[in-house]
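There are 2 protein chains.
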Amino acid sequence: MSTISVFALGGLHEIGKNMYAIEYDHDIFIIDCGNKFPDESLLGIDLIIPDVTYLEENKDKIRALIITHGHEDHIGGIPFFLKKINVPVYATRFTLGLIELKLKEHKILRETEIHEINSDTNLNFNDIKVNFFKVNHSIPDCLGLVFRTPQGNIVHTGDFKFDLTPANNEHSEIHKMAEIGKEGVLLLLSESTNAERPGLTPSEQIVEEHVEEAFLKASRKVFVSTFASNINRIQQVVNASIKTDRKLALLGRSMVNVVDVAMKRGYIDIPDDMLIDKDQINDFAPENVAILCTGSQGEPLAALSRLSTGNFRGAEVLAGDTVILAAGPIPGNEKNVSKIVDNLFSLGANVIYGSGSASGMHVSGHGYQEDLKLMLTLMQPKYFIPIHGELRMLYQHRLLAESVGVEHENTFILNNGDVVDIENSDARQTRKVPAGNTYVDGIGDGDVGDIVLRDRKQLSEDGMLVIVLTMNKTDKKLASNPDTISRGFVYMRESEELLDDINRLITKTVKDLQKANKSQWNDIKKSIKKSVGQFIFKETKKKPMILPIIIEV
Amino acid sequence: MSTISVFALGGLHEIGKNMYAIEYDHDIFIIDCGNKFPDESLLGIDLIIPDVTYLEENKDKIRALIITHGHEDHIGGIPFFLKKINVPVYATRFTLGLIELKLKEHKILRETEIHEINSDTNLNFNDIKVNFFKVNHSIPDCLGLVFRTPQGNIVHTGDFKFDLTPANNEHSEIHKMAEIGKEGVLLLLSESTNAERPGLTPSEQIVEEHVEEAFLKASRKVFVSTFASNINRIQQVVNASIKTDRKLALLGRSMVNVVDVAMKRGYIDIPDDMLIDKDQINDFAPENVAILCTGSQGEPLAALSRLSTGNFRGAEVLAGDTVILAAGPIPGNEKNVSKIVDNLFSLGANVIYGSGSASGMHVSGHGYQEDLKLMLTLMQPKYFIPIHGELRMLYQHRLLAESVGVEHENTFILNNGDVVDIENSDARQTRKVPAGNTYVDGIGDGDVGDIVLRDRKQLSEDGMLVIVLTMNKTDKKLASNPDTISRGFVYMRESEELLDDINRLITKTVKDLQKANKSQWNDIKKSIKKSVGQFIFKETKKKPMILPIIIEV
Chain A
1 MSTISVFALG GLHEIGKNMY AIEYDHDIFI IDCGNKFPDE SLLGIDLIIP
51 DVTYLEENKD KIRALIITHG HEDHIGGIPF FLKKINVPVY ATRFTLGLIE
101 LKLKEHKILR ETEIHEINSD TNLNFNDIKV NFFKVNHSIP DCLGLVFRTP
151 QGNIVHTGDF KFDLTPANNE HSEIHKMAEI GKEGVLLLLS ESTNAERPGL
201 TPSEQIVEEH VEEAFLKASR KVFVSTFASN INRIQQVVNA SIKTDRKLAL
251 LGRSMVNVVD VAMKRGYIDI PDDMLIDKDQ INDFAPENVA ILCTGSQGEP
301 LAALSRLSTG NFRGAEVLAG DTVILAAGPI PGNEKNVSKI VDNLFSLGAN
351 VIYGSGSASG MHVSGHGYQE DLKLMLTLMQ PKYFIPIHGE LRMLYQHRLL
401 AESVGVEHEN TFILNNGDVV DIENSDARQT RKVPAGNTYV DGIGDGDVGD
451 IVLRDRKQLS EDGMLVIVLT MNKTDKKLAS NPDTISRGFV YMRESEELLD
501 DINRLITKTV KDLQKANKSQ WNDIKKSIKK SVGQFIFKET KKKPMILPII
551 IEV
Chain B
1 MSTISVFALG GLHEIGKNMY AIEYDHDIFI IDCGNKFPDE SLLGIDLIIP
51 DVTYLEENKD KIRALIITHG HEDHIGGIPF FLKKINVPVY ATRFTLGLIE
101 LKLKEHKILR ETEIHEINSD TNLNFNDIKV NFFKVNHSIP DCLGLVFRTP
151 QGNIVHTGDF KFDLTPANNE HSEIHKMAEI GKEGVLLLLS ESTNAERPGL
201 TPSEQIVEEH VEEAFLKASR KVFVSTFASN INRIQQVVNA SIKTDRKLAL
251 LGRSMVNVVD VAMKRGYIDI PDDMLIDKDQ INDFAPENVA ILCTGSQGEP
301 LAALSRLSTG NFRGAEVLAG DTVILAAGPI PGNEKNVSKI VDNLFSLGAN
351 VIYGSGSASG MHVSGHGYQE DLKLMLTLMQ PKYFIPIHGE LRMLYQHRLL
401 AESVGVEHEN TFILNNGDVV DIENSDARQT RKVPAGNTYV DGIGDGDVGD
451 IVLRDRKQLS EDGMLVIVLT MNKTDKKLAS NPDTISRGFV YMRESEELLD
501 DINRLITKTV KDLQKANKSQ WNDIKKSIKK SVGQFIFKET KKKPMILPII
551 IEV
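Residue numbers (UniProt numbering), protein chains in the order written: chain A, 1 to 553; chain B, 1 to 553.
If you are wondering where the hints come from, they were derived from the structure by calculation, not from laboratory data. Please note that the accuracy of each hint is not assured.
Note that the list lumps identical chains together, so a pair holds whenever it fits in one copy or between two copies.
Cut-off 25 Å, straight-line C-alpha distance, at most; resulting in silico cross-link-like pairs (DMTMM-like, lysine to aspartate or glutamate) [what the hints assert, rightly or not]:
| # | residue 1 | residue 2 |
| --- | --- | --- |
| 1 | Lys530 | Glu407 |
| 2 | Lys530 | Asp46 |
| 3 | Lys335 | Asp450 |
| 4 | Lys335 | Asp39 |
| 5 | Lys84 | Glu496 |
| 6 | Lys518 | Asp483 |
| 7 | Lys541 | Glu105 |
| 8 | Lys473 | Asp483 |
| 9 | Lys217 | Asp342 |
| 10 | Lys508 | Asp418 |
| 11 | Lys511 | Glu552 |
| 12 | Lys457 | Glu539 |
| 13 | Lys476 | Asp426 |
| 14 | Lys243 | Glu213 |
| 15 | Lys104 | Glu539 |
Owing to the predicted nature of the structure, the values given are computational and were not obtained by experimental measurement.
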């Protein structure tokens with residue numbers, strides 16, 4: 001029997017850019033291809049996607065890219081990946097709808113080989129069979145995967161929680177999971193997002209009740225902001241609008257696009273005459289209008305943010321309107337969301353918000369500790385790799401696994417790129433494959449690296465000084481006074497004295513070098529950087545980037 | 001009777017930079033003078049302090065700067081303020097200890113007039129008497145204030161919670177508060193930090209129990225990270241160390257300084273031979289050592305962060321050690337703290353952490369909704385100004401005030417600078433005084449304004465291109481090829497083609513302008529900015545700063 005290799009190219013020690021691979025003999029299977037949004041230290045970067053060097057080097061072996069569900073951290077890297085390596089994509093009907101939007105945007109829909117699957121699909125690739133089971137999450141049509149290999153079953157849960165009263169009545173296939181567990185699971189890969197949170201995830205039903213209550217109480221317009229992909233929650237808003245006789249307007253490009261996909265593919269049920277255009281909002285009495293909008297994470301350019309500052313053309317939050325934030329802020333977004341709540345209050349709106357499930361308007365799509373333990377109990381794996389989480393979550397998940405009987409040493413806490421090799425049903429952590437972050441900035445991916453980011457950081461903190469020296473080629477003397485221009489350092493008009501001092505210092509530095517017979521352009525540049533840098537730090541405690549430029553005349 | 005004017009110069013619509021003023025006739029009283037730490041949008045800024053233009057214009061009227069307690073958001077602006085306006089400072093013994101550290105650092109201790117007060121002090125200034133009452137918070141020696149004016153009592157709560165079992169046995173003076181309320185309160189200013197949180201703040205006692213339990217369980221070194229100013233919590237760590245026979249080392253400059261102040265002034269009780277130097281840690285068995293360190297908010301240069309990456313000289317977190325984060329992350333700091341927890345786990349430490357009071361190792365020093373309602377009930381104010389909070393907290397605090405009987409229209413939700421004037425015990429919002437942020441960057445305050453920040457933002461996102469054109473004075477033609485240098489844009493060595501294209505475009509732009517007879521240096525600069533900017537955006541979707549420089553030869 002050949003070795004099975006399992007590794008992640010993204011998703012470990014991070015929330016985002018999920019990408020896992022299973023390699024057996026001459027076949028590689030990829031699970032998910034997500035992106036991640038940069039934190040503020042990655043100045044100017046738009047997106048982060050996985051480094052796929054290993055897959056590029058082994059592209060002939062790749063049999064399939066299988067997608068568990070349609071969230072950005074699982075599909076956002078697909079177009080960038082397919083432009084490098086064109087492989088067949090497998091996903092459910094709704095997930096494919098979202099992927100196809102991306103492929104269209106990147107103009108590669110036509111050349112992509114797409115396979116629609118569902119939870120009953122059997123895939124056969126040489127020695128490996130792939131089967132699926134439905135899981136609950138916060139987007140429709142989510143799958144867990146089981147790879148039936150010659151050495152045993154390998155299960156990947158996808159993102160999941162156990163919701164016994166799911167909003168769309170689409171239940172987890174818990175019996176199927178039990179059967180797989182009974183067959184025996186050699187290795188389980190299970191998501192860890194909420195491994196720090198005790199208890200069981202609350203059901204989506206709770207939100208349904210709270211949304212309805214808020215709609216019944218509201219005497220004027222109701223705005224609801226949520227993730228466009230959370231179709232079940234959007235269905236709840238539709239239902240509450242029907243009950244309170246409201247028309248529904250959709251604001252924000254992704255809300256319009258995703259609801260369109262959901263309607264066309266039959267994942268949401270909206271009465272024919274219910275949807276109105278934003279320009280029609282004022283044609284109806286305020287108590288007969290509801291509005292669904294993007295921007296629940298405080299994104300500055302999304303609909304909710306612009307509504308909160310009165311800058312959304314066509315729709316307006318007025319005193320007495322109700323605004324519901326039906327999505328918890330993802331860690332890191334709290335400040336932006338709070339700013340919007342503040343602004344909505346100052347418009348006179350009745351704002352219903354709250355972190356986590358405090359307002360009753362949001363429940364997590366990721367299983368809490370008891371959900372994770374239930375999965376582990378159903379699967380009873382011999383080996384366990386906690387995936388999809390920051391390091392502390394992976395550690396907590398290992399503790400949970402131990403509490404339900406997985407041996408401590410059979411859990412692998414891995415880094416992206418760490419390979420677990422399984423031989424004769426015996427797993428060991430062995431080699432490493434290349435893994436890391438590829439930055440997307442503007443159109444390109446990969447053209448911004450650490451040097452550029454380091455420069456941006458210095459520029460962002462104390463700005464820069466460009467010093468232009470016009471030097472005579474022949475006698476290597478200054479042909480005119482140095483020109484010093486600063487940006488982002490201090491306001492130049494108010495700092496003339498400082499700049500005069502700097503120019504005097506430069507002139508002196510150049511003369512001293514000449515006396516010492518050190519008139520190589522590079523010597524001059526280095527000396528000026530050093531002397532001006534020290535002078536500025538002494539005077540202002542700032543460290544701007546200093547960029548001497550020599551023009552020969 | 002003269003008009004009483006009340007306003008904030010900081011602390012409204014924000015957490016931080018608290019500064020409030022009460023003006024009566026020819027007297028101005030200032031309450032607190034705090035700073036605020038910048039968010040990531042204020043690139044490179046070190047601190048924010050209040051704009052005190054109004055006070056500078058009226059400095060002869062200022063009678064006193066009275067400080068409620070020693071937290072940075074109440075004292076951090078003092079040295080900058082005193083350098084502008086030298087006024088007498090009134091504060092309690094412990095608070096003065098912390099203020100004096102700052103004045104020493106800024107070399108203005110000698111020329112500052114300092115008055116030590118306690119909760120029984122009577123201050124008399126012309127028509128105004130000022131009295132005090134003790135409140136509980138998360139630092140020793142905190143006061144609330146009552147200004148006895150000819151029109152009635154004005155109460156400022158300071159920061160407070162009601163802790164019926166406080167760790168240091170220093171109880172709130174609840175009877176004094178009740179008496180003031182019975183006398184009658186014309187206007188209450190009360191803090192709003194936790195106005196969104198239902199219930200009553202948990203007692204500091206809970207932490208004591210959890211700290212002791214963790215110390216008893218620990219089999220090797222115990223690290224505890226908390227705010228240096230939280231002397232009560234530090235006392236708990238001392239007590240737990242005594243019980244478990246551990247020596248105690250202090251890591252981090254502010255921990256050493258503040259504990260020193262607390263010891264000298266009698267606010268903490270540490271046995272004589274208990275404190276050890278960090279260099280002595282390895283002289284004792286691991287089970288006989290505890291370590292108190294700074295950095296609970298994830299500050300990258302503080303002790304805990306450096307310990308978590310193995311970069312603290314003299315102390316090391318080893319496998320089996322226990323690390324307790326005995327302070328909740330302030331909103332905005334979650335990511336940095338999480339990163340540290342991850343790193344500590346990977347060192348093999350047993351990490352006890354958790355947001356809010358989840359771990360039992362932290363309770364808030366700010367009263368929850370029931371605490372706030374108790375204060376409102378005790379004071380029974382006619383007028384109410386919620387202070388110290390983001391806008392949504394001020395709104396929630398107004399709701400709480402209404403629920404215990406304050407008339408809706410008698411609560412003023414103000415901005416910094418908004419003045420409430422009281423005449424014949426009748427309050428109205430009237431004029432505005434200047435208020436805003438003054439940025440401290442490096443040594444100076446006020447030399448970095450919005451233009452500099454806007455430049456830093458552009459530089460941070462897409463970097464810059466400096467284009468140097470050497471031009472003949474006489475015929476206004478290019479004397480040589482343009483020189484283009486970029487920083488923070490793309491990695492130059494890998495983008496030669498792009499830079500060649502840009503240089504060709506510049507040459508063409510200059511020639512075209514000459515043909516059109518538009519050879520003013522300003523015309524040339526503008527045209528180059530525009531044409532190069534458009535070209536780069538088309539090619540890369542980036543918008544670097546473009547800085548054309550013309551050198552005349």
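Are the CA atoms of Lys243 and Glu213 at most 25 Å apart within a copy, between copies, both, or neither?
-> within (11 Å within a copy, 54 Å between copies)
With 25 Å as the alpha-carbon cut-off, assign the pair Lys511 and Glu552 to within, between, both or neither.
-> This pair counts as both: shortest intra-copy Cα distance 16 Å, inter-copy 22 Å.
Are the CA atoms of Lys530 and Glu407 at most 25 Å apart within a copy, between copies, both, or neither?
-> neither (58 Å within a copy, 65 Å between copies)
With 25 Å as the alpha-carbon cut-off, assign the pair Lys473 and Asp483 to within, between, both or neither.
-> Both: 18 Å inside a copy, 16 Å across copies.
Given a CA cutoff of 25 Å, do Lys508 and Asp418 count as a within-copy pair, a between-copy pair, both, or neither?
-> So Lys508 and Asp418 fail the 25 Å test inside a copy (56 Å) and across (52 Å) alike.
Checking Lys476 and Asp426: alpha-carbon separation at most 25 Å within a copy, between copies, both or neither?
-> neither (72 Å within a copy, 78 Å between copies)
Could you figure out if Lys217 and Asp342 sit no more than 25 Å apart (CA to CA) within one copy, between two copies, both or neither?
-> Within. Shortest intra-copy distance 22 Å satisfies the 25 Å Cα cut-off; inter-copy 44 Å does not.
Evaluate Lys518 and Asp483 at a C-alpha cut-off of 25 Å and name the case that applies: within, between, both or neither.
-> both (21 Å within a copy, 24 Å between copies)
Given identical chains, is Lys104 near Glu539, meaning Cα to Cα at most 25 Å, within a copy, between copies, both, or neither?
-> Answer is between: at 20 Å across copies they meet the 25 Å cutoff, but 55 Å inside does not.
Using 25 Å as the alpha-carbon threshold, which applies to Lys541 and Glu105: within, between, both, or neither?
-> between (47 Å within a copy, 15 Å between copies)
At most 25 Å between C-alpha atoms: does Lys530 with Asp46 qualify within a copy, between copies, both, or neither?
-> between (34 Å within a copy, 24 Å between copies)
Is the C-alpha distance from Lys457 to Glu539 at most 25 Å within one copy, between copies, in both cases, or in neither?
-> both (21 Å within a copy, 24 Å between copies)
Consistency note: the structure conflicts with the earlier hints numbered 1, 10, 13.
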